[in-house]
Each structure stands twice: as C-alpha cells, then as structure tokens.
Amino acid sequence: MKMAKSLCLLALLLVAGAGAAQAQTGRITGTVVDSQTTRPLIGTRVTVVGTTLAGQSDSDGRFAIGNVPAGAQQLRFQRIGFAPALRSVTVGADLTATLTVELRAQAVELTPVVAVGYGTQLRRDVTGAISTVSTEALENAPISTIDQLLQGTSPGVQVTTASSAPGGAVSIRVRGTSSITGNAEPLYVIDGFPIENDIEGSSVGNGGRDRTTPSNPLVTLNPSDIESISILKDASATAIYGARGANGVVIISTKQGRGTKPQFSFDSYIGVQNIAKTYDLLNSAEYIDYANEFAQNSSVPYTPFPDAVKAQILASGVDTDWQDEIFRSAGVRNAQISVRGATSTGSPTKYSLSFGRFDQEGIVVGSGLRRTSGRVNLDQSFGDRIQIGASVSASQARSKSVPTAGQQNANAGAVSGALQYVPILPVLRPDGTYSYLNTDLNFYDTRLDGAPTPNPVSLAREVSDSLSDTRIFGNLFAQGDVIRDLKLRVGLGVDYADRWRNTYFPRTTLRGSLTNGAAIRATGVTSSWVNENTLNYNRAFGSQSFDVLAGYTRQRTDVDGGTATNTQFVSDITGYFDIGAGTQEGGPTVSSRRSTQTLESYLARLNYSLLDRYLLTLTYRADGSSRFASDKKWGSFPSAAVGWRLSDEPFMRRFTAINELKLRASLGVVGNPSIRPYQSLARLNDQGYSFNGTPFSGYYPVAVGNPFLTWESTRQFDGGIDLGLWERINFTADYYTKRTTDLLLEIDLPFESGFESALANRGSVENRGIELGLDTDVIRRRGKGGFRWHANMNFARNRNEVLSLGGPESIFAELITTDFNLPGTIIQVGKPIGQFFGFKSAGVIRDSAAAAAVTYKNFGGNAFKPGDMLVVDVNGDGLITLTDRTDIGDPTPDFTYGLTNTFSWRKLELTGLLQGSSGGKVLNVNRIRTESSPRVNISRARFTDRWTPANPGGTYPRIGENPNQVGTNNFTDNLLEDGSYLRLRSLTLSLGLPSSLLNRTGAAKARFYVTGTNLFTSTDYTGYDPDVSGQSVGNTNRGIDIGAYPLARTITTGLNFTY
Amino acid sequence: MKNHLRIFALLAALLSATACNDEFLTEVPSDFVSPENFYRNQGDALSALTSAYATFVDLQSPLGNADYVGRNLWMLVDYPTEVATSRLSAGNERSMIGTYHPQFSSSHRYLETVYQAAYSGINRANAVIDRVPAIDMNPVRRDQIVAEAKFLRSMHYYWLAGLFGGVPLKLASTQAIDGEPLPRATAKETWAQIQKDLTDAAAILPNSWPAGDFGRATKGAALTLLAKAYLQSAATGAGDAGDYQRAVTTFKTVQTLGYTLDANYASIFDGSNEKSPEIIWSIQNVRIVGSGGYLSQWFAPITSPVIYQAGAQNQFQAERPFYDSYHAADVRKAGTWMTVLNYAGRTIPWAWTSGIQGATQYGSTGPVPRKYVDLGAPANGAEAPDYAMLRYGDVLLSLAEAINATSGPTSEAYALVNQVRARARIPDLTPGLGTATFRDSVFLERRYELAMEMHGVFDNRRNFTWARSRVEANMAQIAALNRTPFTSSVEKLDTRPINDKWKLYPIPVHACELNSALAQNPGWDDGICKPAGT
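From first to last, the protein sequence lines are chains F and U.
Per this note's numbering, the very first residue in the first sequence carries number 1; after that it's consecutive.
Per this note's numbering, the very first residue in the second sequence carries number 1; after that it's consecutive.
Hints were generated in silico from the structure; no laboratory data involved.
Heads up, some of the hints might be wrong.
[As the list claims (entries may be wrong)] One-sided and incomplete, this derived list gives chain F residues near chain U with beta-carbon spacing under 8 angstroms:
| id | residue |
| --- | --- |
| 1 | 678 |
| 2 | 689 |
| 3 | 701 |
| 4 | 751 |
[As the list claims (entries may be wrong)] Here are some chain F residues the structure puts well away from chain U; computed CB gaps all over 12 angstroms:
| id | residue |
| --- | --- |
| 5 | 278 |
| 6 | 730 |
| 7 | 814 |
Using N, Cα and C, we set each Cβ at its ideal position, and we do this for glycine too.
Only chain F is shown next, with the shape it has when bound in the complex:
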C-alpha cells in the first residue's frame, strides 16, 4: 500500500541528450503528398535508413533533413493510414537533394501502427508479441460476433465453440490455459474500456435450467463497427494491464470519423444455414432388432418386440428421424448503414455513425438471435492542442434458445433427446400429446427401462426460452498538451448491460406437465465505470526518442441480479410474462444477488529507442483489487522488453532483400485476478427447519474464508523475430514460456471438514509454445487490377503442463454431467490440464480363446467374456478396480493452424479461410448410453459392426448389459475420439461492380459477394462437430460433447455500397 501511494507521487522521465558530428554532408528536402488526392500530407516521418537522421513533414507536406552523409541514401517514409515507402536518393556534399513522394492510402491492417494498451505504437517499434487481425477479414465475411474473427486468423489464439447456437458462447485461449479454475478468457479492451469477459460470471442465473451453456457476452458488439483488433500476447505487451493481463488482451477499436466529406455505406447480406452433419442412427426395423438382441443378451433373456409386435409397429409406418424433426434450414440476414466523415475547419469534428440489424434463425427449431445496434463516435478538436471525444453505442441482442446441451436424463436438451429417442415412437401420440420415451417404450416392456428424457420436439417447439442482452456503452475523453510533447488524457467510460432470460415450460412439455407449467425469470444488470488518467510524454532528442506513459485508473463494477420461478399455472396462456399467475405452494421461489468489485491501478511505461534500432520497453503496473483478500490487496506487475532492428544496421544495408529484421525478447509478470468478489471471505448460508410445524430460518457456515487469497501470477518470457523480405513477405516467429504460480484452486477439503471445498492459491502450471505467422503476396502483378494472390498463414503449438497442485498429485475436475457420478476429467501433475480420466480399453474380445487368455479378472471379480470390451488392468493387480482408471487422453490440440488465401483480379476477389486443429481428443458422451441399455437409439456403425459370435472381428462390443463391465457410471476410452479437423471455415467470392453500373447508382464503390461458411470439414470425429467445449466454458471440462448444438453450414450472399 505504501509503495502504491508513493507511486501516486511518482515522478517520471529521465532525459538524456546526445549529439553527433558529421562531415561531408548534404541536405535532403522534399514534399509528401497523398497519391490519390495529391494533397500534402502532414506528419509523415522521414528517416534516413541506417542513420539517426530523421524529419517530419509539415502542414504543407514539406520536410528537410540536414547533415546527411554524402552518397546514396535510402529514405523511409511512414505515416499512419498510408503504406510505408522507401526512396533512394543521392546526396552530394553541401548540396540539396529534392524529391516528391506520393504515399498510397491503405487499409488499416497494413498500417505500421498497432494498438497497444493506453496508446498506439509503430509496428516497427514494438518489442512485444502482438497480433493484429486484418480488417479485410472484417469487411469481407459475414460474421455475427467478433470472436469468429479471431478463429484461425492469429497464431496462438485458440477459439473453441462452446455452443454453435446463435449467440452461443465461444471460449478463447491466448497461448494456452494458464489457469485451472480461474477465468482464462482474455481481457477485452473496447475503445479503451477494459472488460473482463467472465462468461460464467456474467450470465444470468440459470434458475433451474440445469447446465445450460452460457450465452456470449460479446454478442452485443456489432462486428461491422470494428476498425481494428490487436491481440497482446506476451508479458511486455500485457503488463500494462497488470493483474488482468495473464490471459492476453484483445484490444478492439471502433471506427472513427475520417476523411473530409461524408461517406455513406450500406451493407446487407442474406443467407441460409443447414446442419453440416448428422448422426447415422438406426431406423425402426433395425432398432427393434437391436432391442431384441439386447434383451436376449440380458442375464434373464426376454423379447420386448415379438414378431407380431414388430410387424405391427412396422405396419404402422412409424419411423421417426428425430434429428430431422428438430433441425431445419434456417435463414440469416444482416443490414447495416453507416456514415463517416469530418468537417474540415480549423477545429474539425470527426464523426462516425452506424446502425445495424442482424437476424439469425438457428438450425435447431425454435432457436434464433436478433441484434439491433447503433453507434455514434464523435471527436472534436479545439485548435491543435485540445481534443475531446465521445463514443456511445447501444445494442440489444435477443435470442431464443432451445435447451440443447448438458445432460442426458430428465434435463436433457433437444439435441441429446433427438439422439436418444427411438424411431418407433411417433413425435405425437394419436391423442396429440408428445410421446415420452420413458412410458411409451416401457409400454412394450418395462425391462426396456425407458429413459426419463423429455421429447426433443416438445423442447424445440414448446419451450419459450428468451434471452436478452441490452448494452449501452459510453466513453468520453478529453486530451490536451500540458506543455509541448506532454499530453494529458482523462477518460471516463460507462458500460451498462442489462440481461435477462425468461423461460416457460408449458404443459405440453414433460417438465411443464409435471408442475402444470413452470416459469423462470432471471435478470442480471452489470454496471461498470472506469476513470483513466494518463500523462504521455513523447519526444525525440537527436538519435533517441522517448515515449513515456504514466497513469492512474479506477474501475468499479456492480452486478445486480434476481431469479424468480413459479409453477402450477392455471393456464399456459400468459407464460412467463405473468409469473405471479402461478399458484405454486408457498408462492414463487425468488432470489437475488448483488456484488461490487473495484480496481485501482497505477501504471507506467517507457518506450525508448536509440538510433531507431535499439528498442527498450519498461512497463509497470500496480493493481489494487477488492477481490483480493484483506492481506493481499495490492500486486505489482513489471515487465521489460528489448528489440534490435538489425535491418537498419549499416552492415545490413547490403542485404537489400531484407527490408525488416527485428529480434525481440521480453520478460515480465502479469496476473489473473479471477477470484469472484467476496470469495476470500467466509460465508454462511440460509437453511431453515421447522419446530411445531412453523418454519424458522437458520444460518450455517458454507464456505471457509481464506485471508491470503490473491491473484494468479504468470511470468512469461517471449523471444521473437520479425522478418520482412522484398517488401512483400512478412514472417513472424515467437517462442514463449509462461509459468503461472499461485493457481487459484478449488481444493477439495476432506469430508470431515464439513465443507466441500475452498479456494486457495496452490500449484503452478506452465505453457510453452511457438507461434509462426507468414503474410505474403505470393503473386503480385503490377498495375491496378493486376492478379494478386495474398496468403496469410499461422501456426501455433502450445504445451501445457501442470507443475504442481500444491500437494495432491491430481485433483478431479467437476463432474462432466450429474448423470454420471464419477468425474471424467482430471488435473494431474506432469500432464496438461483436464486430462480425460477413465478406463483404458484394448479392443473387443474375439472369442473364448481370447477371453481365456486374459490373465486378470473384470470388475467385481468376473471373468471376461467374448464380446466384452477388454479393459486394461493398468496397475497389474489382476483385477479391474477403480484404481485402473488412468488418464486416457488430452482434449487440448497438439497444434492449431489457419490459412487465409486471397486471390484478386480486377474487381474479382476470392478469399478462403482454412482452419484446423490437430491432436485434441473429444469425449463423445452422446454415445455413452448406447453401451448400457436398449432404451435409446444407437448409431448404425455401432449396430452393424458389433461383436457377435458370427462377427468376432466387430470393433464394437456385444450388444447387451454393460459390455464394458466397468461398473456403473464409468467409461472407457472407446468413447474418446480424435478431435482433429481441418475446416474450410469460409470461402468468399466477391465482385466489385463495374464503374458503368456504379455511375448509374451514384455509388462510389459497390461489391457483391457470396460466402460459404463451414463448407467442408475433414475429421474422424463421429459427432456433429469436433470443435466443441461441451456445456462448459471452463478450463477443465473441455472437449466434451453432450448434446451440443450442432454446427451449421451457411451460404450467404451480400452486397455493400459506398456513396
């Protein structure tokens, strides 16, 4: 605390001057103009390559550099918004060389400026590892949320789909998972406003909707409003965000006004989505055979479907394809209008306004998303020293959800239900009510033991489940020069999000029928403000330049929420709208919550450059967080980075092919504060009891406090190289190691403590990896409209290893689903986080000889039988017991990659994004039921390739009771599948309309395009989509597929006009 206070008074700045004498020199003067408008360009930085000499163009575009050594020199011209240029000039002693240079305006992605925390920096001066996402990607593909932009486009950024539902959550990992229990999502900084994307924390209470996938909190941000995205990855880049930097930082800047005259644009697209892949399941006749075979293989054989019954069922013609019943062809539409511009007086006003509407039906009947958003960005200068600006955006995303993920029994969703429901049941019974697997299957024989899974069609059609996310986001700033080169900026931001989720189960659904309707209303309001005050001193002294930043910020976030549930409705007419109409005994169940968290920080950064070649960045941030325990409120996060731009060394000048060569190294400490508010405090919960029939309230200790609870600390080293060749190939490579200590672990307490678990800082985990990025013009024909093939490739490989768990060698992750009691994933020292944990299998036992050859006994001391899945006796004790469970696979991929190819010729452009992941395993829980009972449908492969005495080579075990014989609720690795995939994520063909057409419409630019999304996926995974993180966006239960919302294949056509 003391340290922090003294920081409050921190004085900055060490200034050193240096000079240099020259002999035999001349002078260079010239003018810089815009190649399109031929207007002079102010503020262009002009440097003499290989020297410390530099100048800057004035308001007439003129520049002058003296004392230039005589001889041939190269000049580099750089300006924000324009492509850099190199010019050769010969300087004679005591003479003045003059030249005029045209700079070509270009899109932001190629500008050498990158957004870093609290400012921007020239790409060439960056010492940290920062990826930028091309805005071309932003403009050219129809995308609904911004996280889709990050997928496959930046090395080291792994995007996993938690739910493919419209508005469903996406989980992003920058350089691996550095936390076990904490939030491992990156920090988002939108127009300077830091937002912790705590997906679970920010979703409204589930209010009895068991295990629903949380929605995506970034869904309200309209991707069309985005100007640029930077992803800060190493400690040097993220340390400026201190305690929140460990998971990487995604800096998003929205479009600002620019140019002079107003530029109107109109974008629209329309598309259709279809399910990309379905399961091949049994039809009625096959199912009956299967069920009969199962029953015959039971310990007491029976025949649930005798021939007469079978004939009767088949004659009735009922053969329901349940997947067909819940999936549909679904539309997607988007429209956006915007205007940008600036008034060009002495104190210009820049403006950017936009309005967009996005409407997407989901491919599961009943689901969909609609977003309406508007944004105003304004910027006013007063003279050349003072500037104020404001941006306000308001958006509303409304989605209709269908229960889809999570469980398989009574809480199963539509997708899981569709995979379980048997084809011999009709969607509707003759009396118009929905069929019910449990009773309707037991009608044939109770021993079929039909699962209590609700009818999937009833879930899709009848359940009203609406989510709304309304977000108002405002930023206000003022900045001005206090003295020359010293800028003060004061910013105030407000983020207000109002979320609700209302659900009603009518009587036509199983859940509703049991309680005469069930309604849930859940709300959550998050309001957050931030005040940021920074001083920035930016000045060059001869060959040295300083960019010093110091700041003080405060942020506060309040969350209010409530949930109300009610049952016993007189009728279904009013649904959740009139929740008071329920007549539940004791009245509606109501709960509410409130939390506050605050953060106070001091930050400082020095960017120092010597001779334009030797770069140094020092960063420091001190964060005080309310979430940390009383004894651990403050943390400090320093980092240092150095860069060496070899390409500007005089000895490199002869390698003309190399236009950029930079070596970088950084080291620093950042934190992850993902403790929820108040978690360091002990707490009591309410639980009542009755005396003499009267209820009394009571409080009991439910959580033990921890006064030492603090942030997770990540120390990261990064070494990198940036190489530019022939001004057309850019290559970047980084190697990093990230070691996170003081991991926040929910450690299971011994049962005898009376508590389940407690949060403590234990253990450590390491991520290390390499990232490669290559951006090149493979072919670039000269001239406007010449053929161009641009390729952008990235590759990342991350190794995750748990180094310590603070005592235990392993801890179990939370249950995959409460339908299975035993945990399915484990966190184990020496292994990556979240290993799958179960029994190893070694194929199906062919025959009695093979069974006899097994030297150990199965679970419970039974002998293995032909047709059993052979379970491996891992510990060699001659018996399969729970101790033979072991780690059986890793959900994290070995490497991920992306490849974007753009071919353009005249006004035609073809862009394709291939994206892939290799080596991760997926636990296909959808298949687990098929091993234990004839009450659910199974895949055709499972049936046709099963072991039978006649087919001893079958790859699947015999049909019948528990052929794995590993006890209840366990699973073997035959449910684990290879989740590697290569996907053509998008393919876009666009055509700029010819000017003859344009003249007629009055448009300056017009483009028409067709895009296919997820056209093609190459994978061995048998489920809908290997890119799943199941019902959870947490860190430990990844790669789990339980009725996950399937992937859609989308064809979109769009049009955009600019006037």
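Position chain U relative to chain F; hints supplied.
Quick look at chain U alone, frame taken from chain F:
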C-alpha cells in the same frame, strides 16, 4: 489560452476527486451473511442451531435432499435386510446394497454422500458448540442450545459409527483450509465420544419444551440415544463390559419420563399423530420444499399417476417371504405396507403376479412402504410426516435386549417384548426361551416393529450371524417361490455366503482420496484407502 487553462483545471479536479483511498478496495458483503456479522446475539445463536437441525431435511451443495435422511441413509440401513427389496435390476447401484452384490465397493455413491452429509451436519453442530458460548445472552438458553447441538452431533456420529465403525472425531468447527489429516478414531473412542456428548446434553436438556419449540431435542431424546449407543457399543464389542448395564440403567431412566406405546400403530408414521406420547424425538417435516420429507418418491408405487412430480419410483418394496411371515393378526403389517393405493378418489390395487414380484405397467410390483409416505405432498422434499427416529417401542425392545444380555430372558424382559406384541394385537412370545433364542426373537420382533424406520443394519451389526442367516434363508425362500423373477431376486439367489466384511460398510473411497490418514475396513481394500488395520 485561458480556456485551455480552465479545461486543465477541470481535469485536475477530476483527478483529485479520484485520489487514492483505502475504502475503495474494501469488500463489504451485501447479499450474504459472513461470520463477521453473525453469532452476535440470541437470535443468531438460535438461527445457527436451526441450520444444524436442517441437515436432516435439506443439504448443501453438492448434496441433495436424497443424499442423506431423504433416501441414501435409509437405503444403506434398511436394504440389507430380508425385509425390503428393490424393483430395480441387480446391477443398479440401489439394488447392490440389498443384494450384497459383489460389485458393491467403497466407491458406491451412497456411502460417500451419507459420510459427507453427516460431517456437514457435524460441522454445523460444531459451529454452534464453538461460537454460542461466547454470545451474550440468556445463560440458561445458551447452555441448552449447546446441549441441543451436542445431541445433533451425536445423532450423526451414531449413524456413522453404526455404518462404518470408528470414524474421525471432528469436534471443532472448521476455520482454516489447512490442517493435519484426521485419522479414524477407534470404534471404542467414537462410541465414548457419543456417550460423553449425550451424557452432557441429557444433564442440561429439559424434559419437554414449550409447545412452540416442539421438535427440539429433550432429555428423553438424549437419554434414549445414549442408551442405544451403550447397547450398540456393547453388542459390537466396541464398548466395555459395563455398557450393557449402562444401557439397562439409561433405558430405565427413559421409562420414568412418561412415554407410552400409542394404541394406534399406523398413526405414528402418517403425519396424523406427530405428538404421540410414543415419539421421543422426530425429524420435523412440513409441506414446504426444503423443509419436508423426501421419501414418498422412493417408496410409493412406480409411475403411480397420483404422485406429484416425476412420479414415484418404488425403490423400496416388501420382500414377499417377509411380508407373508407376519402373524395374521398383526396390525403392523397394514401399518407398514401399502397394498392398495387410495388417493384422490382413485384406487390402485396391485397383486403379486407370477411368483415374487409381478410388474404391471402402471402399478407396483409388490407392497410398498406406507410409513412416512405423503401422497398429498405438493412437491418433492415437501412431505409432512415427521420421521420418528427415537420412539418408545424401540426403547422397550432395546431394553429387553439389554436385560437379556446382562441377566438372561427375565420376566421383566419378557414383559417388555409382550407389551410391544400386545399393541400389535398378537399373542405373547413363546415362554421359556434360552438367552440366545430370546435374543433372536427380540431381533425378529424388531424387524416387524421397526421395519423401514432406519434400524435394520444397526440391528444386523449387533447380531450379525442371525442377520446373515435371515438374509440367506430369505434368498432360498425366494428361489423356491420364483418362477419369472426380476433380476434382483436372481442375484439374491446367488449361493455365495454373505461375507464377514459386511459387518461394516467400507469407508467411501473419495473420503480417503481427500484424507490420506483414513484406513479401510477389513475386506473392503480398494487400493486407495490405507489398508485395513493400518
């Protein structure tokens, strides 16, 4: 220029307004109670105690209502007898307990939840015992609150010791996350602790409470549980020679407190007679979700359309040989089992079909328990009938058992048993039995008198050889009756003898994973718990 100065003055003012202060980072809880603002007055003390009682009706995450008294404890206690069985198949985790299934192991979930729930209740009681003495309040009530908490703590330990033998003795509330692993106490130490707590509690608790406090532990409740604890420790070899005599003395003290057998046996369990003079202490249930009973769902006939919510599951039902063995005049047969379901104007009969347990589509497969079933409950966990955990019928039979153990089948012991049989409207016990036969007769009487009241396995522990022979005989009888059996019956037909390891349940394996000091019970080694005897 002046304008600029004003703007900067404004900015400076903004900055100073947000200057450093400590309060900004202090966490003040708003939507929850923390120890810092609790345990301050009499209301808080009573509130803490109430939550300790609440363990019996509702549980904290990750446990659910079904995981302790709401189901799992019943199943662990009443299944492994010849009284009840399950409709479910043999491999089902529920059936496993009752069929002495070879796959039953220390990883069985019910063991874990019961163990965990008991300690959760113990911690709540410990919090009261630790924190309440420091509260400034009426000292008489303060001492009573601590005594009530000691009774509650003993109830949990009684169950734990009965199921598992010696267990770790956790006698203070948990304040920190670090601590040495707590090893198991011996059975002797565990029973001694239970007896000490109950002796303390009995000295302070009143004979009865004002009407509004009905349901709290009384002196009679503490003494009854104390006497049962003496009997249990004596009969399982975990006590000393004097324990039988102490049981006799203590039960006799209970006899002086005014309890009597209720003439109407069935009414004790159906919620209509909850203040019967026979009931010494009962778990208080009301028709409020989270404050009521949870058993109807498991007891009542499968898919009986009249049961609320998800339908009943019929996870308990009578074993036919036992059901058929009631004396024809015994009123307890109808008081214990339901043969016709009458509710809301509907009558749903069942019948044994084709052998043991016949399934009809929407009916039951056998008589189902009547005790504690509330067909009118509005929801799961909101059933009204109180659970009579300690009642005078048990006292009489237990006293007879204790007297027989100290002095043989005296006329006093006979009179006690016959008092119970008289209420059941059946003739007196055959006179002139030897000590051993009398003992077994008393145990058999307990089966009829106390079926489905959570005594079964504790009785088995005190007379294991007899209990084993009962179950094995039952298996043989089922085999004789059986024509088209359910699989659960098939498993019971297994000729394997019931292993001695069943004298105790295994320590749940997950408890050992979290506490490295725990040793397993004999015969249940699982490779994770420390081997038995270490």
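Q.
Need the list of violated hint numbers for this structure, in ascending order.
A. 7
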